[in-house]
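Taken in sequence, the protein lines are chains W and Y.
Counted from 1, the first sequence has number 78 at position 78 by the numbering used here; the numbering is strictly sequential.
Counted from 1, the second sequence has number 295 at position 295 by the numbering used here; the numbering is strictly sequential.
Worth flagging that the hints you see were computed from the coordinates, not collected in a lab.
Any given hint could be a false lead.
Just so you know, same-sequence chains aren't split out, so a pair can sit in one copy or run between any two.
[Stated by the list, open to error] Here are the simulated BS3-like cross-link-like pairs (lysine-lysine), alpha carbons at most 27 angstroms apart as the crow flies: (1) Lys542 - Lys835; (2) Lys835 - Lys864; (3) Lys383 - Lys711; (4) Lys836 - Lys864; (5) Lys892 - Lys835; (6) Lys654 - Lys712.
2 protein chains.
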Amino acid sequence: MSGKQVYFFGDGHAAGNGSMRNLLGGKGANLAEMVNLGIPVPPGFTISTEACIEYQSTQELTDALKNEAKEALLQVEKVIGKTFADPADPLLFSVRSGARVSMPGMMDTVLNLGLNDDTVLGLAAKSGNERFAYDSYRRLVQMYGDVVMGVEGEKFEHAIDAIKEKTGVSLDNELTPDHLKELIANFKAIILDETGAGFPSDPYEQLWGGVAAVFKSWNVPRAIEYRRIHHIPGDWGTAVNVQAMVFGNMGDSSATGVAFTRNPSTGENEFYGEFLVNAQGEDVVAGIRTPQQLNQHGREMLPAGNKAKDLPTLEDVMPESYSELCAIRTQLEKHYCDMQDIEFTIEDGRLWMLQTRNGKRTGVAAIRVAAEMEAEGIVSTEKALLLVEPDHLDQMLHDQIDPSAELKVLTTGLPASPGAAQGTIVFSAEEAVEVAGDGTKVVLVRRETSPEDIAGMNVAQGILTSRGGMTSHAAVVARGMGKPCVAGCGELIVDNENGRIEIGDKSFARGDAITINGTTGAVIEGLPGLVPPHMDDPNLVKVMGWADQTRRLRVRTNADSPHDAQQAREFGAQGIGLCRTEHMFFGEERIMRMREMILADSVEARREALTKLQPMQQEDFDGIFRAMESLPVTIRLLDPPLHEFLPTTEGDIKTLAGDMGVAVERLEQKIESLHEENPMLGHRGCRLSLTYPEICEMQVSAIIGAACACKKGGVDVRPEIMIPLTGTQRELADLRELTIEVATKVIAETGVDVDYLVGTMIEIPRAALLADQMAEVADFFSFGTNDLTQMTFGYSRDDAGVFLPDYVRRGILPADPFQQLDQSGVGQLVEMACKKGRETNPDIHLGICGEHGGDPSSVAFCHKVGLDYVSCSPYRVPIARLAAAQVVVREKLEGGK
Amino acid sequence: MSGKQVYFFGDGHAAGNGSMRNLLGGKGANLAEMVNLGIPVPPGFTISTEACIEYQSTQELTDALKNEAKEALLQVEKVIGKTFADPADPLLFSVRSGARVSMPGMMDTVLNLGLNDDTVLGLAAKSGNERFAYDSYRRLVQMYGDVVMGVEGEKFEHAIDAIKEKTGVSLDNELTPDHLKELIANFKAIILDETGAGFPSDPYEQLWGGVAAVFKSWNVPRAIEYRRIHHIPGDWGTAVNVQAMVFGNMGDSSATGVAFTRNPSTGENEFYGEFLVNAQGEDVVAGIRTPQQLNQHGREMLPAGNKAKDLPTLEDVMPESYSELCAIRTQLEKHYCDMQDIEFTIEDGRLWMLQTRNGKRTGVAAIRVAAEMEAEGIVSTEKALLLVEPDHLDQMLHDQIDPSAELKVLTTGLPASPGAAQGTIVFSAEEAVEVAGDGTKVVLVRRETSPEDIAGMNVAQGILTSRGGMTSHAAVVARGMGKPCVAGCGELIVDNENGRIEIGDKSFARGDAITINGTTGAVIEGLPGLVPPHMDDPNLVKVMGWADQTRRLRVRTNADSPHDAQQAREFGAQGIGLCRTEHMFFGEERIMRMREMILADSVEARREALTKLQPMQQEDFDGIFRAMESLPVTIRLLDPPLHEFLPTTEGDIKTLAGDMGVAVERLEQKIESLHEENPMLGHRGCRLSLTYPEICEMQVSAIIGAACACKKGGVDVRPEIMIPLTGTQRELADLRELTIEVATKVIAETGVDVDYLVGTMIEIPRAALLADQMAEVADFFSFGTNDLTQMTFGYSRDDAGVFLPDYVRRGILPADPFQQLDQSGVGQLVEMACKKGRETNPDIHLGICGEHGGDPSSVAFCHKVGLDYVSCSPYRVPIARLAAAQVVVREKLEGGK
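Next up, chain W with everything else stripped away, as it sits in the complex:
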């Protein structure tokens, strides 16, 4: 490593700027940017992410790095007019991590570096506040012991409890300087005891230890777990920000707070935040003391009974600082063209900004912020589109509690993340993972959450906490995950030990059912009915309108019933990209006919059973065509292996044999004869239609029959018949010929001429490799990326659970390829097939109907390779619409068009 590794900032001048996020991390880049904007920021320096990556292999800070850091430190001393390690008036530093993207709570922080038994005296003298000085020192030793030296945090908590008990005080801030001195000594003893090494009194040693600890924390298990969930590459590294300390805990003219430039829950254009007088920043986020509101508007928004409703606002207690903060708020929003999440400290009446970053927000808020910022002229419509993350829309589509349901509301907490969630109560992340493992829905109930809980939050339906505010860990993470969350629910008593919660005089045990409403903060007994959400939010309509104007990709839906089709149409689907006909065969009466068909001994008997099924199929298609009037409907012919329709248990087999009047043995033989070693690679898809053309004939007859009937009734129908699982041109050509033959006959019989297309799924690797041949006999390709992923990787989706999560965790795969399209492998086949297909059939229509059609990164890929449409489940349609627009905007911005 030879390049520059340390970037100074302070006093209106920074070596870095906001565009250097990859090198300086989000926080470092923004600190530099703020300094350049003239905003008051404590001076400091950022050590680059490259230094972090270098550290990972050597596990040592190089002399070059230390020398550069020392030079920057001298600049800080000059700006601030104090000296590091000066016993008379010591300059103190904080050390914080700052990765390229925000990883809340994942990385570790150490404050008050530079204090020791000598300098603490200087701090006490200069501040005129001995208690403050020793409390700061106590915090340093505690944090340093925990974070840098790896002592279990609980040991220090026990020591605090012990001294409180001994002295009879109940709150931390009641401890006297002498108590604190004793505590510091105890802490040092604990550290020596636990690690065999003493707490370092040399400020430089403290500094290097802190920097190294941040670097190390990049690879602690919880950071890796967070990256796994959020698909962050391990080789990005984190930067380290070393910054002069300013103190919000220097007395009643000091304060510290966090704020959003707009309400992160609703998106309302009101300055929204919380602060604590005489506190350090961590106190606000940790959720231990109840924070106060920034302004009157925030206080009004609090639910009745919330403690903070009676506490004064920053506007009340420090009007000048508040006013300065408001000006900075406006300046930052205009500069960053986005809502900001800021941290500030007021030291003895002077405002310092510690951080700004784009604020996490709920889906509703994201939509509102985008719409209003555009209206306010802060962003263009195109940039406004980028203010909404596709996953935000998911929240808009979350279940809500049925308004007509009678609710037993137990209590109300903070509405930390919108939507309703219900499930059985679990008390820990491990329990959540375990219980949810078998498909049970769970609500995770905690006093407060911490980064260790990430995995449990990820599998829970929703999160309920008894402590913490809107910016608590639980709230921030839940919003990021798009999960309903009720936080800071003070009436809730969580008894982990006995697996119980108490709310008033009611008590609930592990396994009891509970519902939370993250939109209102209500905690509700039992499982009231839920209703699906609506898409009628006017801001959403506006933003989605921009998206629809911007995107090139069309968005269809995967729907197998008129109901789903209608739902998807309301979500903006422009047709059906995949209608799975087999789902129609599982109804009570139909499954019997289906079984008769499968068990038929002759073509005639099979035809007879199919004749009975045909009117039912035709009725299904009729309903779907009507729901999708004037839009294309792609119907896939029978795909699964026939044994999926037969009973498996002894009892069911006996019943069926009785119903059908065949011997049990004969039925068992037939079922046995249909058994396959690897059904995924067996007799299914077009292979069935080639063996039993009469099945194909019945289905085509029903499709075209329904289409003709609809058209006769004035309904504009656009059927597209899709042949699944083709791997050779002849399979497709033969079945296309049969399809056209049957369709022509039906059209002749009904006397109604219906236009229709005949195409194929591309889901077998060979079909993609030979797409030029396939395209010669196809009107369209629809990429079935689920099966294509299975075969390209050789993974059975049903079985890969044994190793796939482990593969993702260990970084063998960057993501689950069934969730995010594997662009380099499976995507290579898709791209090749598009190119080859268009070579021999320039008019071919190209789409995707795998689950990936609703995944934002996969949608962007589909746009780039030139597909005509994506198709996804109804609830993913708005997300796909937005993702399809965003990729266009990003292309424009990057391409400078």
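Keeping the supplied structure of chain W fixed, place chain Y upon it in accordance with the hints.
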């Protein structure tokens, strides 16, 4: 169709020539070529294969075609000095099919076209032989009724039987002209009765009907079946040869025969053939009369007791014609540079050649012909290599009867196709297919075979017939298929009706066991021991030597034991390309250790079980390294899913539970937990080693341990460790790292430095698509085309039997892709992977270890895409060596290098 469709030949001049095989068919091109060589050939004309293809869509002969044919017919009249349909002295024609490649017995023939109630009188008068004339007419009506008009042949046979009974004669040739006239009238009545149409008396109508019948016969089921088995495309079509009739049945100065220019069974350079005096050509091939030998040498070769041993030879009875034939024999061999299969007729002392084509031959014969023709200067060594078909070698490798076995020889027939075969007796093709369907070995016993029997012959181990000679249908087809055959076994009485055979006083029923020795003609009771063949034939050694000098591809073998390795080395294997370690785990004691390992609850317990397995594995590798001294040995790490090693039946599970001292329930749970929906796509291959690195460690330890021990003992070892089923670079990189770590440790411990390679199978489509990445961390790629085919097609090899044979039969696939590499799909991936792999790792070593490594067309493909070696089962090694040489020769010939 506008081009020329009809090609005249005769009188030393032909419109076509021998190079026009695609257009004129093999027979037509050779007739033209023979005419151009000045060889006496009855004049005629060939209607092109293009006309046949055109006919398939219209099912009509166009006027253009008829006019062209009439012009050619006029030329024939001019040459021969007779006129078609002339009542005084009629010119008669034969109509025969002739496809691009010989399809014996597949296509239909009509003789004597031009005869009717008027012209028969002229023929009788001119020939002075009324019986001959009416017998010719009878044959025409019978053949025409059968072949052109579709009357069941049996009806005519019944009519013949009836007239014989009525008149009291027992042989056809005892029928008088009046009998024949009555028979002709009866035949015509049968035709009218069966078809509603009369036998056409107009010679031109007869001609067009005959031509159309040949065209139609291209697509009869038995022709399609033959093409399926021999991989002949359906769009080649057949030509039609219309040729002036010459008669071998005009009396005792006439004869007809078939011959091979060398002995097709042994390859000996002796003129070898059979003939019948006063007979038409079909009589010889049909095997109804016992044919006589061409010359003394042939007669000497006959087994004692063969009727023909006492019959005069052609040399005896027609010495001039024989001498002329010998000259033609030499001329043809020199001209065609290959052994010829010829048909001739002697009409009243004058020799006419009816056909020449490259002769089918046994493997031994092919090798001898190639070696001797090279020695005689007829062909170069390179062209000699092309005289051997790779499948011929298969016969050289067939089982032979153990020379030390005591044999109960029941009788001896003609040694029609070499090798020994044994199995239970079946009496029809259908029965053969049915009984062989469950893996039972069968010997097909027939009076004589016909094209309808092809499917049955294909599944039988061998064929035994009671009638017919060395050129009978059974003999020709069996040699083509490389199956042992004993033909013309006169002592054998086949009683189809009662499902019995009788030989002397012994009787055998359906299902009894029998053995035939196609090399000696012996028919043997029961199932004597068989021994594997040897490769020590000096001609074979010579030819294989040329092959080894010519080929670029190296040939390795797939072998899992020292015995197989040794066997393959004798067959010329240049190393092991695939050693499957899992096969070593199924031994009695080993399977217990393996199960302990699988059922272990902890890494420690697993390691303990593995520690017990390690010495056993190491011993296996030791033996293999020694057998393959100085040659590379590629060892694949554990590949199959673990549940394959566990018991499946209730009893076995109980026993195992008892042996291991675990509860049955627990064992059942474990087995259940290892169950997979699609094991082919499940937890196997490298995925196992990533989950349980200790398995990989044990195996690498055993491999390198054995290698070090061998090297210490002076054995030159070249281990190559192969990681299976990789689909991502990280899988391979991680396991490569582990492998090297373990190997380094073993090498350090033993103090013996062993060179080894670490590479991977390429069998997952994604690995091929991303071969550039894979190659960065691989010393070699070995294409596992079995799995690659499964995944590229989405076919489970275990399950595809339901539809794959049908796919091949219907031409949806040109061949079973598990037998012949699918070059356009799977091959595309192989080619891509070679190219990409060499881009990032120019030194990478490339091979194939799927079954395709022993398939000639696939070997040629492997050569063309630039692989370094192929690996196949030991018995396919010589075939692969030859195929690898032939592709080089063909490239030279085609490329003109």
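Query raised in the report: Which numbered hints are broken by the structure, listed smallest first?
Result: 1, 3 and 6
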